[in-house]
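Peer 1: Let the hints inform the model, and build the full structure from the sequences given.
Residue numbers (the working numbering), protein chains in the order written: chain A, 986 to 1343; chain B, 6 to 549; chain C, 61 to 279.
To be clear, the hints were calculated from the coordinates, so they are not data collected in a lab.
Built from N, CA and C at the ideal position, the CB exists for glycine as well.
Treat each hint with caution, since some may be false.
[What the hints assert, rightly or not] With a straight-line cut-off of 30 Å between C-alpha atoms, the simulated BS3-like cross-links for lysine-lysine are:
id, chain 1, residue 1, chain 2, residue 2
1, B, 504, A, 1320
2, B, 473, B, 504
3, A, 1038, B, 169
4, B, 504, B, 442
5, B, 504, C, 200
6, B, 370, A, 1320
7, B, 233, C, 84
8, B, 172, A, 1320
9, C, 100, C, 84
10, C, 234, B, 139
11, B, 415, B, 442
12, A, 1038, B, 371
13, C, 200, B, 145
14, B, 145, B, 233
15, B, 367, B, 442
16, A, 1038, C, 200
17, C, 84, A, 1038
18, B, 219, B, 442
19, B, 169, B, 233
20, C, 100, C, 200
21, B, 219, B, 43
22, A, 1320, B, 371
23, B, 367, A, 1038
24, B, 371, B, 529
25, B, 139, B, 172
26, A, 1038, C, 234
[Claimed, not checked] One-sided and incomplete, this derived list gives chain A residues near chain C with beta-carbon spacing under 8 Å:
id, residue
27, 994
28, 1049
29, 1227
30, 1231
31, 1238
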Amino acid sequence: MYDLSVITDAIHSFLSGFMPAWLTVTVECVLIGVGLLLAYSLLALFYIYYERKFCAAIQCRLGPNRVGPWGLLQSFADMFKILIKELISLNHVDKFLFALAPYLVILASMLAFAVLPWGNGLQIIDFNIGIFFLLAVSSIGVLGILLAGWSSNNKFTLIGAMRSGAQMVSYELSIGLSVITMVCFAGTMNVGEIVAEQQDCWFIFKGHVPAIIAFVIYMIAGTAETNRGPFDLPEAESELTAGYHTEYSGIHFGFFYLAEYLNLFIVAGVASLLFFGGWMPLHIPGWTAFNHIMDFIPSVVWFIGKAIALSGIIIWFKWTFPRLRIDQVLAMEWKYLLPIGLFNLVLMTCVIVFGWHF
Amino acid sequence: MATLNEIIAKICPAATVAEVDGAPMISVDDAHWHELAKALRHDANLEMDYLVTIAGFDHVESMGCVYYMMSTRHNTNLGVTVLATGDRERPVLHSVSDIWAVAGLYEREVYDFFGIIFLNNPDMRRLFLSIDWKGYPLRKDYDASPNINPVPRDNERQSDFTTKWTKDAEGNLVSEQVEVFAPDDFVVNIGPQHPATHGVLRFRTAVDGETIKKIDVYMGYIHRGIEKLNEQQTYAQSLPFLDRMDYFSALNYHHGVCMVYERAAGIEVPRRAQVIRVMMDELSRIASHCLFMGTFCMDLGATSMLFYTLRVREQILDILERTCGARMSFNYDCIGGVMQDLDANFQNDVKALLKVLPANIKEYKKVFVGNVIARNRMEGVGVLSREDAISYGVTGPSGRASGWACDVRKWRPYSIYSDLDFDEVVLTEGDSMARFKVRLAEIEQSARILEQLVDNIPEGDIQAKVPKVLKLPAGQWFQIVEGCRGVFGIHLESDGGTKPARLKYATPSMPAAGVVDHLTRGEKIADLITIGGSLDYIVPDMDR
Amino acid sequence: MEVTAQGMPYEAFKDNEYIESLVKELQENGTNVVVGSLDKLINWGRSNSLWPLTFATSCCGIEFVSLGAARYDMARFGWEVARSSPRQADFIMVAGTIVHRMAPVLRRLYDQMAEPKYVIATGACAISGGPFRDSYHVVKGVDQIIPVDVFLPGCPPRPEAMIYSIMQLSRKVKVERFFGGVNRQQKQQEFLREHPVEGVNDSAEFNTSAPEAPVTDKQ
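Peer 2: Written out as structure tokens, the structure is:
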């Protein structure tokens, strides 16, 4: 398996060859920042295109196909447009919070990028509480949404923000529980080690029943966390025009728009990390030749491929299911997902203690 | 009608009963009207529980209203003419909004058009026009000059108060102001530009958190004055406007209005034209219900369903287009028959449609009806009881979902419907799911009708001989037909000329919008979308 | 009766005197190479990413729904991102009759949209009042209220016609200038100056139910 840390190490040694240590770190930080931003925007643009094509396929349509070959440049055109669209300044809004909110949302998803295992050796920071960090930063996003709804001075946005607050805070519990279940199983919170643990077999196969239950809970709660259908109540088009971002125009709206897709990627990415081995290729114990062939596919492709496939499921949800009502959303979390999640944690503990896993 | 005469003799001996268009037409003075209405509504032998419409009129020397009502139990109908008291400045009638729930809305419409004040109606505001509108447009002496009512550039003035008119002990008119919302209500404005209102309807919604406390419906954002325009044009010229009222039931509405004209003029429509008309009606009913399902599911968030239902609709539009020459606004039925003969491929096209329909319906059921989220969102939401449905005048599939067998095609068969074999779909749950299911089942019934007719289109003329400019004898006619959304009533008053003296359309969408407040009390905001969507009102249809 | 549909020849599609004159007018003064190519990039983005506002009052709106459906699929051109909030939309398709009561609302919607914004008057009613021209309550053309970029005749226009109209709008956007030069926006500003709206910039909020004293009809 090709280890990408060779490249990063080479860059590091090249830079430290003629630079003092502090400058090396600074330059590397800048490089990573630029790379992250680039990956961030490219991924978001790809995701927009992906969703539009995907839902078009579900709906017997063609989807974008005029701008660029197969419509590939469609989301670039959208980006150029949205970048220079007017930012309307409103009277009677809390100007500071109004401007701050989209950045908070984008910040949350960007921080979460830092611990995703992009490939073998390609991870921005790999420390012992990686998963913990991920859970912590991803909950900043709800703050941005609440601020957006509150500061807009509009009744629709306010209702949207309140819905979003109630929903995201509730579903974070379920996400947390299913993550803890898997952390128990892995025995570590270090992202790199979790991936390494799945060397032989992905957790979803290794942990069988409790892992599958945790996966289902995670996918449902993750969909809710990204505010996508059937949990898109905070921005329910037919109810609240555009929900919490009704009053945002131009690139500020663009940030919300991008962050939605990035959160989708992060949720799918974490799912692939916890259940499908992160960047780890598909290995089946005993099939040496097969495993060896799988290793030839680059790890980055594995990770992004898994994330895209998993987010396809979430996109599929969105276009097929009707939206839940707010009381049903909360009832589902508190009455069903949370008890099941707790029970599943106990079950997983038993599985680990008695060694019932593969 | 012995009971009718007894009641009249008891309450108001001065009233007269005449036979107008095959049904009794009572003329009564305003002083006895309220008492008579109560008797008509509650007498066991009459039980006129469904108020079809209130048509105001202005005969220059007098103003008043014609009330059309029907009994759901005895399947009888009658009309009541009441002349307004007071001068032209301030004509007055007694309100019957306490007897029929829908009357309050109809009275507001009459007030808006004719300026007739209804005593004891708790909500005497203008309905379609803004509070600053000068004059009453359907009066014969209305000045339509744009200088009097210019296009407004400023935001509309808005009042939080309704007016209630009463008479004090001395007989003087007294008005009092009633507040619509409580002072500390959190009022959210939904519409007129809002994706869920299906056009430009406006709900001012008082909410308590997510729970709806009260809804104040504002109409008139697409009020185009069709009834006034019709009075200025010949009978044939009045037809194209019907295409633009309820654009999904265009053919059904045409059918009804043509039938009134034909009955008034004594024209016999050839059998071939009758069959074609019925087939077109049923095709547009399928298309309409398809679009309903699509947009309703989209409102609930299941966007893909729209694309699946529109697929069938496009196929129907193709069939209609080949014969009528347009995708919408067909203007196909004309007085005495239909405009053009059928397209050569019509029968094959219809057969092809009938072939794909069952599979599609199965798919819709699978994607949506069986879906657990959809069922949670729709079952038990917005339950309308049968009594309320009748009292609020909610007809069509929505009424039938509440257990009211109100299909005019069965109830009062017209055209060739009595020869056809089809079932009336009636469910008793009365919730949003039932309203959805009724429409789904009605597609199947319409397909049955098409199946019976597609191979049995008789040869012959498609049009009867009709004079170029039709002249109707003086008189009054009333006709109801089944549109895609419910009972469509036409009140025609002719003074013997080439233009109608008064043409009033009683559309099914208006009562449907009127019942929204009743249904949404205590439900969630999201349920407003479900309920509004399942009632399937068309805003240009209610505003006219 | 055999009816065959023919595609529109490219020359005919390009045949639009108005746009040609617009191009001429805009290019009269010439432009800087750098600024010009930046303009081109921006206009490429703008013209290929036209997001409509979900706005429909009557029949034309249903044809707009058909336009979004699988058969006509406006997603091919990237127009399917219909935004419900006017702040995020690029153009408004005035689909249907505008009546007196709706006129201030439409103007408000237009004012709420972010620049650059465009208007397509769809159907006979929006262009001139159409069949309802003689009515007491119908606005005789939305160009009395908001500046219109493209007029699209029909009652209602077919979805194909709608596609054509948005493509014409797209062409119009392409010849615009963002940096310097003569700009369409200037004409728009002129229009707005000529059609002032009282109370637009004031603080009165649309949602709040404000009147202090009870308002009654003057009988």
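Peer 1: It remains to establish, for every hint, whether it holds in the given structure.
Peer 2: So, going through the hints one by one against the coordinates:
{"no.": "1", "hint": "504/B with 1320/A", "in the structure": "66 Å, violated"}
{"no.": "2", "hint": "473/B with 504/B", "in the structure": "13 Å, holds"}
{"no.": "3", "hint": "1038/A with 169/B", "in the structure": "57 Å, violated"}
{"no.": "4", "hint": "504/B with 442/B", "in the structure": "42 Å, violated"}
{"no.": "5", "hint": "504/B with 200/C", "in the structure": "24 Å, holds"}
{"no.": "6", "hint": "370/B with 1320/A", "in the structure": "28 Å, holds"}
{"no.": "7", "hint": "233/B with 84/C", "in the structure": "48 Å, violated"}
{"no.": "8", "hint": "172/B with 1320/A", "in the structure": "57 Å, violated"}
{"no.": "9", "hint": "100/C with 84/C", "in the structure": "16 Å, holds"}
{"no.": "10", "hint": "234/C with 139/B", "in the structure": "46 Å, violated"}
{"no.": "11", "hint": "415/B with 442/B", "in the structure": "19 Å, holds"}
{"no.": "12", "hint": "1038/A with 371/B", "in the structure": "24 Å, holds"}
{"no.": "13", "hint": "200/C with 145/B", "in the structure": "23 Å, holds"}
{"no.": "14", "hint": "145/B with 233/B", "in the structure": "9 Å, holds"}
{"no.": "15", "hint": "367/B with 442/B", "in the structure": "12 Å, holds"}
{"no.": "16", "hint": "1038/A with 200/C", "in the structure": "41 Å, violated"}
{"no.": "17", "hint": "84/C with 1038/A", "in the structure": "38 Å, violated"}
{"no.": "18", "hint": "219/B with 442/B", "in the structure": "28 Å, holds"}
{"no.": "19", "hint": "169/B with 233/B", "in the structure": "27 Å, holds"}
{"no.": "20", "hint": "100/C with 200/C", "in the structure": "37 Å, violated"}
{"no.": "21", "hint": "219/B with 43/B", "in the structure": "28 Å, holds"}
{"no.": "22", "hint": "1320/A with 371/B", "in the structure": "27 Å, holds"}
{"no.": "23", "hint": "367/B with 1038/A", "in the structure": "26 Å, holds"}
{"no.": "24", "hint": "371/B with 529/B", "in the structure": "27 Å, holds"}
{"no.": "25", "hint": "139/B with 172/B", "in the structure": "25 Å, holds"}
{"no.": "26", "hint": "1038/A with 234/C", "in the structure": "26 Å, holds"}
{"no.": "27", "hint": "994", "in the structure": "39 Å, violated"}
{"no.": "28", "hint": "1049", "in the structure": "5 Å, holds"}
{"no.": "29", "hint": "1227", "in the structure": "4 Å, holds"}
{"no.": "30", "hint": "1231", "in the structure": "5 Å, holds"}
{"no.": "31", "hint": "1238", "in the structure": "5 Å, holds"}
In this structure, the earlier hints numbered 1, 3, 4, 7, 8, 10, 16, 17, 20 and 27 are contradicted, and the remaining ones agree with it.
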